[in-house]
Structure formats: C-alpha cells, structure tokens
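Participant: Residue numbers (UniProt numbering), protein chains in the order written: chain B, 1 to 473; chain L, 1 to 473; chain Y, 1 to 473; chain P, 1 to 473.
Among these hints, one or two may not hold up.
[Stated by the list, open to error] Straight-line alpha carbon distances no greater than 16 Å define the calculated EDC-like cross-link-like pairs of lysine to aspartate or glutamate that follow:
#1 P:K247 with Y:E469
#2 Y:K247 with P:E469
#3 P:K113 with P:D297
#4 P:K467 with P:D422
#5 B:K60 with B:D74
#6 B:K247 with L:E469
#7 L:K247 with B:E469
#8 B:K467 with B:D424
Honestly, the hints are just simulated from the structure, not real lab data.
Each chain, written out:
4 protein chains.
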Amino acid sequence: MHQLGSRSSDGTPRMKIGYVGGGSQGWAHTLINDLAQCEDVAGTVALYDVDYEAAAANAKLGNRVVDRADADGDWTFEAVRELDDALSDADFVVCSIQDPPEETFVHDIDLPKRYGIHQPVADTVGPGGTLRAMRAIPQYREIAATVRERCPDAWVINYTNPMTVCTRTLYEEFPEIKAIGLCHEVFQLQELFAEIAERHLEEADDVNREEIHVNVKGINHFTWIDEARWRGRDLYRFLDDELEARKPLNDFEPGAMADASYWVTNYRVAFDLYDRFGALPAAGDRHLVEFVPWYLDLDDPEELHRWGIRFTPSSARRPDEGPSQTERYLSGEDAFELSESGEELVDIVRALLGLEPVETHLNYPNEGQMADLPEGAVVETNALLTGDDVSPLTAGSLPDEVRSMVETHVTNQKTLVEAGFDGDLDRAFRAFLNDPLVTIDRAAAAALFTDLVEREREYLGAWNLEKSEVLSS
Amino acid sequence: MHQLGSRSSDGTPRMKIGYVGGGSQGWAHTLINDLAQCEDVAGTVALYDVDYEAAAANAKLGNRVVDRADADGDWTFEAVRELDDALSDADFVVCSIQDPPEETFVHDIDLPKRYGIHQPVADTVGPGGTLRAMRAIPQYREIAATVRERCPDAWVINYTNPMTVCTRTLYEEFPEIKAIGLCHEVFQLQELFAEIAERHLEEADDVNREEIHVNVKGINHFTWIDEARWRGRDLYRFLDDELEARKPLNDFEPGAMADASYWVTNYRVAFDLYDRFGALPAAGDRHLVEFVPWYLDLDDPEELHRWGIRFTPSSARRPDEGPSQTERYLSGEDAFELSESGEELVDIVRALLGLEPVETHLNYPNEGQMADLPEGAVVETNALLTGDDVSPLTAGSLPDEVRSMVETHVTNQKTLVEAGFDGDLDRAFRAFLNDPLVTIDRAAAAALFTDLVEREREYLGAWNLEKSEVLSS
Amino acid sequence: MHQLGSRSSDGTPRMKIGYVGGGSQGWAHTLINDLAQCEDVAGTVALYDVDYEAAAANAKLGNRVVDRADADGDWTFEAVRELDDALSDADFVVCSIQDPPEETFVHDIDLPKRYGIHQPVADTVGPGGTLRAMRAIPQYREIAATVRERCPDAWVINYTNPMTVCTRTLYEEFPEIKAIGLCHEVFQLQELFAEIAERHLEEADDVNREEIHVNVKGINHFTWIDEARWRGRDLYRFLDDELEARKPLNDFEPGAMADASYWVTNYRVAFDLYDRFGALPAAGDRHLVEFVPWYLDLDDPEELHRWGIRFTPSSARRPDEGPSQTERYLSGEDAFELSESGEELVDIVRALLGLEPVETHLNYPNEGQMADLPEGAVVETNALLTGDDVSPLTAGSLPDEVRSMVETHVTNQKTLVEAGFDGDLDRAFRAFLNDPLVTIDRAAAAALFTDLVEREREYLGAWNLEKSEVLSS
Amino acid sequence: MHQLGSRSSDGTPRMKIGYVGGGSQGWAHTLINDLAQCEDVAGTVALYDVDYEAAAANAKLGNRVVDRADADGDWTFEAVRELDDALSDADFVVCSIQDPPEETFVHDIDLPKRYGIHQPVADTVGPGGTLRAMRAIPQYREIAATVRERCPDAWVINYTNPMTVCTRTLYEEFPEIKAIGLCHEVFQLQELFAEIAERHLEEADDVNREEIHVNVKGINHFTWIDEARWRGRDLYRFLDDELEARKPLNDFEPGAMADASYWVTNYRVAFDLYDRFGALPAAGDRHLVEFVPWYLDLDDPEELHRWGIRFTPSSARRPDEGPSQTERYLSGEDAFELSESGEELVDIVRALLGLEPVETHLNYPNEGQMADLPEGAVVETNALLTGDDVSPLTAGSLPDEVRSMVETHVTNQKTLVEAGFDGDLDRAFRAFLNDPLVTIDRAAAAALFTDLVEREREYLGAWNLEKSEVLSS
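With the hints as constraints, model all of the structure from the sequences given.
Facilitator: Dropping the structure here:
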C-alpha cells in the first residue's frame, strides 16, 4: 500500500508531482503561481516535456518564484529528460500536453474547411477532434503504462483535450489507475448563474461562482445542467425569463464578431438548446456547436457570428514568434505577479491528501453517476474528493433527445479508443463518419480523412497505416 | 378467454377478419386473391373505410371472386360503416390506411424541398415521416381503443407506415394488445441472397427467397443483417466479394435514373453502409438514405441517381384520375386473375390459428430480442408464430455505431408517441429537430414544421395546436 | 417555488419542523437537546402524535428547556392534534413513529418463536420485520399524501423502521417527495475503524468516528463497506489481521451473554461475513443474522451467544411502568442535561438550508449510486447534502454473492410495498415466504402468518383481509 | 468456413459425430437406436470413453444393430482411445459423461446427510450438485479446448449434469463454441398438459406431448412456464382448477413412497410453487425441492413422502453388478429392439443440417431471451433450430420472487465457473455457502465441504487444494 505523500518533521505533507508537458507556457505558470502560495503542502515538481529546454526554463522560473519573499510555498522544481523519471514515485501526475500546432492543429482546422466543415475549436469532436484523439491515444497509453510501472498509486490529473478520450485511454490501458480529468468550461456557466442570482434575488449581492451549485452531467464540452442553486435558492427557475430576455437568440450581424475575442461566448447557442430540449448546456457556445449538426452548415463562415461567437483561425493556434512567455518572465521583460488563479488543482491535491474535502465537477468513468449512459464511458459530473478518494455524485438522467445526442459521441469515443488500441485506422474512420459534423458524402469524407492522416502521419506512428483500406482506396 | 376462431361442422376454422382501410386499391385486392385460394380456413371479412363506397366496391369484388369456379375459399365480404362494427368479435384485425395523399403526403414531400430537404420516400422518418407519424398516432389510438372494447383477444396485423410508430402506438394505448407489424422490405434482400447463393454455391440452383435465412435486426426500414444462410450454408461470407464487384458504388450518372421505376434499388447504399460498418442493411436504398445524413445533402436532386435510386415525386402519390382499380375489376375493364401474391398474411393467420408454424420477420415490442436497444421499443426481428403466440427470436447486438444510429430514431419515435398521447406539439418538434435529415438552422426548421402543420391541420385535430410555442413563434 | 425556511430580520433562517411521532420518549428528547444548542437556525416544532398528551408533554418540556439560561436556541414547541396541522407549511418533517409494542412488536417477536424462528431484533426483515412493514406502509402512505397536500417542498427525514420500506413507501406514494432515511447503525462501525486506526497507525491518536471515511453500500441494516480511510490512510488493509486476532469468531459460551446489554455487538458475525465474502458488513451483528439463513437455525436460543450477541426479549419492548421519561423530566425526578447527542439531524437541517455541506450515509432511492441493484430500490449509501439538495455518491458494486443476498431482500421489499398499495395480503405472504428466515414448511408458514395477522388485525385495517386466500385457508 | 456435413453422391448428408462418454449404458444405446432408424443422414460415430472397453462394446453393438434388416441407417461406429481422435473433424459432438458413482456421486449424497442436508437427486445444486460442478468444470474446459483445436465449427450437444455449469464452462473456455444443452425434464410437464387438454377440451383426444406448446424460462431443473397451449388453445387457465383438485398438496403419508420408483413425481411441489408464486415450475418435484429451502428441512427423510416423492439412495447410484446392459445386448441375454425413443437428438441434428427446422427448449447463454437475468448466464428457454443456427425465443420475465430465487443460483453458478477457472477452492466454497440448502452453521458447512473435497480429491486435481484456507482451517 502506497501512502499518499509523506510528512516532513513539522507535519507538512511532502509530495512529488510529475508534470507531463512541463514546458508549457500556460499551465505550468499557473501551477508555479498556485504552489508558490500553498503553505500547507510542500514537495518537488518534476517537469517533463518533449521540449526539454522549455521544461528547464520553467523549472528555473519556478524555483526563482518560490524563493521570492512574497511566496509561502516550499517547493522545488526540476526538469527531467525522461517520462520515467518524472513519474518515478510521484504522488500526483499532472498531464497537459500538446503536439506542435503548426504540424497538427493547424491542419485539423484548415483541411476540413476545404470540404465545407468549419469548426470553431476543433479539439474535441468533429474532424479536428477526431484526429487529435487519434494522436493522443498512443501518447496516453504510454503515460498510463508508465504510471503502472513507476507510480501505480499516484493520482493522475489530466488537462489535455480531447479530455474524454484521453481520460478513457488512461483507464483502458491501466484499469486500476486513479485518474481524473479537469476542465474549466463549467466555471463560466457558474458565473452566468452568479449574475442571474444577483439579478433576481434581493439577498444576493456580489455572488461568487463557487457559491453556485450546478448539477453537471454529460461529457466534457457537452455537459448539461438541470439544477442551479445559490445557498439552497433555486436559480434554474429564472431561465425562462432569461431566455425571453435574450430572444431573438441569433440576432448578431454577420461580421459582428470580427474583432471579438476568440473565446467569447454569449450563451446564445446554450439558450437555443435550452429552448429546444429543456436542459441547459454547461459549455461555451464555441464547443456546443461542434456537437450537433444545426449550427455549422454555413455558406459563409461569418454567418456563425449571428450566434455571438466566431471561429478561431488556425493562425491563432500557431506559436507566437519571438521569446516565449517563460523567456519573457525569466528575462524580466514581463513580471511574474502572484495572483489568485481560480484554478482548483491545489485544492484538489489538498483534498486527496486528506486535508479538506472538495466538491467539483470532473471527468471520470461512469459507474452509475450517469445511469442512462454506458458503464465505463468517461462522463463529466460532480464528485466529492476526500483523502485518497474520488466519489462521483449521481447526476440523474438527461432528457431523451439530449441523452441520445450525447450517446452518439460516447459511442464514437469508445470506437476511437478501441481503434487506437488496435491501431485500426479503418475503425477510427467509422467514428469519423459517424460524427455529426461529417454530413458530407462518404467519398469526400474518405478523402478528407486521408488528407488529415497523411499530413499528420508523423504523429500517427502507432497506427497501422499500411493495412488501412481507407488510406489505400 | 377468447378462443381464436371457431370451427364449422367439418372442422374448418371459421373466423372474422376486420379490415381497417378496406377500401384500398392494393392491399384489399391482394387479400381477396389470397383468401380466394385458402382452403383450410373460412369466414367473413368486414371492410371498413372512411370512404365507405370504396369498401363496398371491394366487398362486391371479393364476393364475386370467391364465387368463381377457380376459387376454393369459403369467404364472405361485407362493407361496414363503423369501425366498431368491423372489429366487433373479430379474430383478426388488418390495418392498412392512408390519408388522402393530395392533402397530406404531397405536402410531406414538397414542403421540405423548399428548405433543401429532399426525401425519396418521406413516409418513415425525416420531416415527412414525422408528420405522417403525427397524423397516425391519434388514428392508431382509436384503433387500439376499439380493439380493447370490441375484440381484445384478436390479433392485429398492421401494414401502415410509419410502421414502428403505428405499432408502438397500439401497444402504448392498449398494452395487452396482440399486434404485429408486417413489411415486405426484407423480402428483396432475401432475393439478393438467393442470387448470391446461386452465384457462389454449386449446389444452389433456382433458390427461392423463402429458403434464405437472414438474421434481421433493427427498426423497420432501417433493419440490418449479419447472418445469411441457405440450407445451413453461410452466404454472408460472400459479401466482401460482392462489394468489390459493385465498386465504385455510386458510379451511376446524374440523370441515369430519370426513367427508372420509382421503387428501383440497386443496393449500392446498402453496400456502402456494409463497407462502412460491417453489417448489411436489409431495407431498400430509397429508405436507407433517409435515416442517415450522408446521402441527401444534395445541390441537385438528380445527384441522388449516382446511387442508383431516384426520388418519388409527389405527383406519383396523387391518386390516378379515372375509375379506380376496383372499379376497373368490377366493370370488367381489367381481369382479376388469381395469382401467387407472395404475401404472408394468410400463412400468418394459419399459424396463429395453430395450423402450421411460421418463422418470419416482424415488428414487435422489444422484450429482449434486441438486448442493446431499449425495452418496449418496437423493433424488427425474426419471430416464430404458433397457435395464438408470437415469440421473437433473439437477434444479438448491432455494431456500436449502427446501434447508435438506430437508437437516435428509437428515441425520436418514443418522443413522437409520447408527444402524441399528450397532444404536445412542441415535444413533437423536438423529435423533428433531432431527425438526422433536419440539419437546417433551428429557425428554418421551425418554419418548415409550422408550414407542414398548418397545411395538414385538418388531420392534426387531436393535437393541442393552440398551446404550441413553435406554432405561435 | 417554495423557499426553504424564511429569514428573520437578523438573517437567521427560521423554519417549521413538523414532527410525526412527537410524543416519543427518546427521539423527541434528543431533538429538544440539539435544537436548544443550535444558534444559527430558529423556528417552531409542531409535535404530532396519536398520543396527544405525550406530544403536549414534550412540547412543555421543549419550551422549558430552550428557555433555560444554558440554551442558545430560539425555538418554540407546540403539540397539535392533527397530522395536517403538524405538516402545514412545514420546511422539514421528521418521522419517528411506533405502534404500541404490547399489541404489535411483542407478537412480532414471540409468535415466530413458536414456529422455531428466533429474531434478535424483529424490526427489519424476517417474520417480525414483515409484519412491521405491513403496518407501516399504510401509515407512510398517509404521511406522504399529507406532505403532498400540506408541504410538498419540505424535506422529510425518516427514522422509523423498517427504514427501507418506510422510505420506499414515501416515494411510491408521492414520487416528487424530498425524503431521506437516517440510521445510526454505521456509526458503530466507524468507531471500530477509529480503534483500528489508533491500533495500527502511529500518527493516529484519539481518532473521532467522524474522521473515518467508509464507503457504505447496500440496504439499511444490511449495508457493507469495502473502503475505510482516516485522513486518506487506508484502514481496510488491516482487516485481515483484525480477523485473525478475533478467531475463533464464535467462541463465546452459550449463556455468556445472559447479562449483556441487549444491544451489544462484538462484530463477530460481521467478521465472519467478511471472511466468507470479502466485504465487511456495516451493521451490528444483531441485525446481520436476520438477513441470512446461517445463524438463527438454533435448537436453543442461548446458542446465539456464541457469536457475542443475544436476543432482545419481547418483555424489553413493552413500555416501562410508572411515569414516562418526559414526565420524569417535567417533574424534576430526572434532570434534563444538555449534551452532545452525536445525532446529525441539526447538521443535516443546516446543510439543506445552505449553511454548511454535510457528507453522511443515508437511505435514498437508487438512481445509480448502486448500479448493480434495481433502479428505484431504496438503498443506503453516502451522500452529499447541500442547499436544498441531496446527491448520493456512487458506491460501486458489491461482491456477486453479497449482491445476490441483498437483492433477495430488495425484491421482498418491493413486493411488500406493492402489496401494501393494493392491500393484497396474499402478495405480502409471498414476500414472507421468500424471507431467508422462513425456511419452514409452507403450511407452517401460512399458519404463522395467519397468527400474526389475526393478532395485529387492528393495525392492518388498510389491507384487504377478506379476500385473502392465505387467511381463509 | 466449415461446411456442416458433406454430401454423399446420392445427396445424403454425411457427417461425423464425436461421442464423449461413448461407453455409457443408457445414452449410447438410445443413440444407436435412433441412428439405426434415421434414413436421410449418414456417417460415422466415434465413441470415446475413459473406459475404452465400454466404448468398444458399444461400437460393436452399434455396428451390429445398423446392419440388421430392420435398420435403415447408414452409420458406422468406432471406439477411439483419445478425445482428440473422437473430435477431430467432427460435425457434431455429443457429451454425456459421468464419474464413477461409487467414488463421487455416492459421497455427494451420503456425506451431506450426516450434516442434516438431504437431497433427492444431488446432481444439480445443493452440496452434491456443487461438488459435481467442481468436478465437471475442468473436464468441460478440456472438451471445449479440444473442440477449439479439432472441430471449432462443430455443434456440441451436452447432456451431462450439472447442465448449466457444464454448458457455461464450454462457452467460458471457448466463447465461439456452438454448444447447446439438452434435458428431458420439461417433456413430463408437456405430458401433464396433454392430460389437462384431454380433460378440459372436448376436441382434445389422445394429445401428444409434442403438440403442447409451453413457454419455458429459467435455468435447467428450475425452469418455469407461464403459457401452455394446444393448437392455440390456452391450457394455462385450467391450472387453478387443477390446483384445487390436488389439494391438500402434501397429503401423502410418510412412508407412502417407500416402494415407488425413484423417479416418481406427482407435481405436488410444482403446484405448491404455482400456488405461492403464480408461475408453474417445469421440472419434476425431485429437482424443485433442491432449489428452495422449504421442503428439505426434515427431521425424518420419510417426511418428504408427503409431497409424493422420495429420495434416491446412493445405493441406487452404484453400478449394478454382473454384466452391463451392453454386454447383455451383445450376449443376446437381452434383445435390442428398435423403438421410438422420444429423444430429439436426431431431429436436432437434421435441423442444424438444414433439413427441417425444430423448435424445442434448450440451455444456451442468455443474449436477451431472459431479459431479467444477467447476460451470458446459461438459461433454459425455447429456441428455433435451423440450418447451422440456434436462435433462442424471447421468454419474457419471471415473477419478481421467482426471478430472485433463480438469480441466486445463477450467481452461484457464475461463482463456481469463475472459481473453477482459477482453481480457487475458497471461492467455490462461497457458492457452497450461498446455496439455499446450506442453512447450517458456517463451521459445519466448512467441515462438510472439506469432507467432500477430501473424499473426492482424486477428481479435483485441477483445483488448487494446497492454497485453500477452508481446507486448512
């Protein structure tokens, strides 16, 4: 039996975090920020990245930050050259990885456009999400195998998309793994409800999103809610009024979003789905439109603006030129200010160490929390985290049509994972064809799929490309 | 306890058949033909139709035919003016009804085209099938209620489309009903396999479709098979060769089908789906393309010809001018020749009377025959019919993606029936929106739905049109 | 929408608790004790009891206690003569009722003994538990119907046995009810694990039972656990050593328990079941032996002592003579000292009011928390209580044989509730026969059942005794 | 693809039957009798038996019989020394094996009696059935493995008890096996209904059991029916009258059955269960009493006579002294007369060869035919057999309590098979303890189990006896 964390002489739990993707420019900085402010846990963070230099730079940055006077945390950062070393005896493993966008993500976005398939995000479902899943499955098999070998009792916390497929792969490779997938998407919805509370309840003033209790259910980026409360007060009942106030829902002008942030969401699609199905999606509109066939059959991409969202162009996915964020921090060009990140990772670590229970939503294999979806599917629901334990909360059922839509994606995700374990490209193509965005003719679909695979061939080495009938046809 | 049929003094079972839709120009003639040649069962056929004159003409025709020298059957036909009279003490009830096409079917076909939705058949799913379901549900509630009242132990045999929704409605209204739904669609596939047997097996010569055993599973018009045998010889193994021989599958020219029969099918779509999913659909291509989003997203309707099928225009659904077929028979303009109809109705009646067991495929509520579809859904599988008993045969599971596609329609059918019982038009609109052919924008979908409902308002009297938000929006 | 509790001018939530069984000598006193010490919630408690005088005495006692200087609570107690009045506009309903033991419980215990069936408790399953269920079902239907009428949004908290049947009846009568069932039984097991923690973990010292996290699953009094942790440290791994240390398990002498408390449990049966099935029961041995056939097939009742438990004789169930406890408090014969009761009721009320979340185990309809038991069965698992919300935590599966044993009782409970709603005594007899303790011949079982029904006839007025074949045979 | 059977020049299908247990004195003779009269199929029967001499004698007998003038069949019998040889290229495999009763069955019956557990048959469930299962599982693994190796497309027909465990083992070892289990038990019930038909229906005269259609459901020897028809006439409705006519059900005198056949059944237990649960068991009373706890808790074994049945003593299970039946046939001491055996084996072989479909009840893995029992459990229901295909008919659900009783045994059977594959004696002991007949104390149960295992040690070589805690305790 592994004991999660050890104790230093003063009783502070000490632990090792293995960080896969530790050269990142976003997540790694948040983690440094949060650990620098974490007093009651201490330890080491081993940063592993295929780009070792980036990981080394982050290690340098991390150590510099925690040594500052305004930092309370007792943490050491080090870069390692092998995944094995990062995970060896780790108590927690954090995964946040990404293939070089210019060789992958960019094609995921651009190639489908040639076939008339536009995707605002392209990282979860649709042609882009499917390819990303195909690249991720072998990588996550390796992570899971290394966990089994090096730190079988560690908690693995995944942030990488496609969230559901990555998390499911971990469990498929190593069924005893203790892994959860975390995503911020629902936070925004809680903020929306915080506003609703302030608007409709006299006693509600300056409501924090964390005070909003929503009953999350579904799969990542296609989650739904049917309950929302603030201090026990029902907020869900105000949705009909909110819906009316927003109508007509798609009244933005084409072009109106041309200068908007790529991440903007106005919850117009979410309310449209609420109006159709009686349950409110809990993800941003940019994701939602990728899961159903109704919004993206566009003659002109600018039409999407009507719904108050826009496409993220592939150019925005290419790395910026010039020094990286880490480099700018290290050079002093940018100041690394400690702030409240809003991220829950440290809270979750503390809960799993037995310090303070946390309730949050997370991605986890279905063992009854969503009784109307298949057992073993990775679903997103609320869960309670206590000492070395994650217990999902039962979420109840979805409206029939919603469940049916979700189930289509669950089936595709299962197919992709199974195909990935067999290296069976033709089986993956089945999931590709069955994706709601792929309404094009089969021959065209095969051509698009082939284009994508050929262009990203380098990242699909674990697949049996030679035996594929689709590729050779 | 009702005793199915009585016995005349010579031991011949005597029974009453109540025929709902007895004024028909097709089915009624087949029934007359088959009964005229049925020696070992006798009785009365009560013909009911909203068009009483048509039923009376068929009764006249029926009596004239069975009196002929070449007829062996001892049957009497009579037209009745009330459904109650047709069903009172009936042993069997046959249903084959249709609303006046010029007021319904024609709109089901033509209105969606204006919104870019083309349907070759439009009687099962898609916008047309949805409206047809909405008209049929109240009618089938009435039939089931009358059965409960007048002949609760009778066997009800349905031929009307949408088959699944009609049959499900019967059970929803009167759960103890003994009803089955019959459809010919699979017969053609058996003929295809008869050809395959002759082509590939030396010992197979002049194979009859009835000798072909196929394991049917799915829902009406979207059935699938994964086993086919002739006298225990596996035929399914020849499908890969058959597929190769047909490739490229969609190589017909646009326009090539301009003069073809409306009903032609070349099994190109079926083989395309076999190629995608590894199971072979058992329905004709005209139906198949309506269940999935890949084939009907056309700029020009003639493009459908590539797959060797064509659209049935609404003009072909309007009744012919001039005397009806019955009238032509009665006037002697056409001769009524006795023939082998290929229909199974009389065999089925004989089986249920305990004379000779029959195995065939039929539509029946799921009680385990399709363990991976919801209980209570009406599914199409093989069944064994013996004296007063129908027992479905377990069909095993479908490939994951196929099951998921089928399940989408099962959900929509359930929604439609529930909506119909509540008269809830907005709930029906949910199923409409969720149909794979409805990939259009929600506002457009609402406009189309409203158009259809307004145009067919007269046939939707049982729905609560006033309370509908869709209509009023 | 009902708003749970109102707020007084100083912001303290104010509420009404309706107490069904408010004349009790135990539970009512605990409630008075706990409310007297509850500062941040205030309100009224309406005490209803078939024995109005007892309720009135408790009201007097309650008001006197909260007025004392050492009491912080702002609560008013009043006795009411009608159930309607107790529940009218209540925010919470507490149920803790009991039929007069001398006319019911005493027979539940004594009559089966004549047929060789001995039960240590006789309030949950077995012949006694079955009769208790039969009496309770009509009573709980009435409570649920009154809740529907008078306070449909109230939270109903049940303490009455048979817990599972009572709670299931509430939901069967009023499916939208918000009801939970609470039982202490698992607390003792947590105490056992607190000891185990202290014994095996160096850092564990003076561990409180509330710090022990156990994963509860099963049905009330036949719950099981397969995880136990203290601050994230696994305690379950010590069970094999604990088992060995206790062996031989049934080495007490017959007669050894003659002077023991009726409630004593030495966890010998629990460990015996752990040894058999690999999961540890979470209820006391006195209950456990009633759910399985192996321990109570005794020639001499004293043999039960081998397992370190004893029978509670019916004499102990008769009310004491002389003044009641309430009377002794009111007369000053006994002093009512405020103490820490260990009861969770006030914590639960506070959680449901949105003050502070609570995790505890409770009885609730299965919606996935026990995926291998039927949906809708009332099961006992952990749950998280937040503002106006109860969310069960998924508990995972039970070992096959354990699930099968539990399922037998779930089936009987379902049968009893359905029988109770129909007043169908013969159907109830089926559950009686199917109880693992009823291994006697069917004729003997019918005689015992008849004896019990006749003796408790007055309390079975809602059952259709006239139509029963068992009774008349 | 294997082609079932080949064709001789005259078109007669020719095949090889491998007979495991071919030295038997009962089944082998029936097979010789039936094949001698089978004209339209021909071939070879390879007889394998651990007692080679017995197989050789049967081969001699078989060849002698088919050469007689009154025999039409064209069959050759040969004895083989290895299982491999018997199964090599077989088209059908018939299994009917038994361990030497004096070393196994005799103990299965006698040892439990010392602990107060009496079993009339002891070959299916209870202590005796459990031990028999434990011996059979390794043997059936070997058969399945040999089928996989030597004749993977053959149909395997099992007659050995415990039927359910043997058949389940075949599928567990080789999931693609095509195996069915056949048992006569239901035939007797059909005969009972033939009598009922004659008694209650005027037109029914000299009814043959094969004309009776019953809907079989459950597990072997604990099957139930809820429908019975003769030529479509409902017979089930007469059961209540039949029940009344038989009451009191257990009115035989103790001792009354002392001279009765060991196999006598008066359907008193079956009607008692029908009276309790509303469904009629389809097995003989001798089997039924072993599945439930109510009938065998006897002070004096003769009390069982009350129900019109008796125990088969172990002496009746020992082989007779003197020449075997085969030897008596060969010596001419007894004449081998061709007769109508009533066995269905040859009909089933013909159906699977594609000659003539057969409907019968058989044991087969659950794929939906019993939707309320676990998938994969071997259940007994009706099935349709056609060319190279077995399709179970959906049987519908069982009454709740009956399903629960059946499910207990299904769980035990699953446990036993899993334990057998692991060689885990302690896991097998869990099933032993959980058997409804084992109501004795756990220590006594362990002692009995140990006694049985020790006595039959020679036949339990595949189990890991050394590691067992039960044995060593």
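Participant: The structure should be examined with respect to each hint, and the outcome stated for every one.
Facilitator: These are the hints, each one checked on the structure:
Of the pairs offered as hints, the one joining P:K247 and Y:E469 holds, with about 14 Å between alpha carbons and a cut-off of 16 Å not exceeded. Annotation: proposed proximity of Y:K247 to P:E469 holds, straight-line Cα distance about 13 Å (limit 16 Å). For the hint pairing P:K113 with P:D297, the CA-to-CA distance comes to about 11 Å; that is within 16 Å, so the pair holds. Distance check on the hinted pair: P:K467 and P:D422 sit about 12 Å apart at the alpha-carbon level, within 16 Å; holds.
The suggested pairing of B:K60 with B:D74 holds, with an alpha-carbon distance near 15 Å, which does not exceed 16 Å. Of the supplied pair hints, the one linking B:K247 and L:E469 holds, its CA atoms being roughly 14 Å apart against a limit of 16 Å. With a C-alpha separation of about 14 Å, the suggested pairing of L:K247 with B:E469 holds against the 16 Å cut-off. Proposed proximity of B:K467 and B:D424 is supported: the alpha carbons are some 8 Å apart, at most 16 Å.
The earlier numbered hints are all upheld by this structure, with none contradicted.
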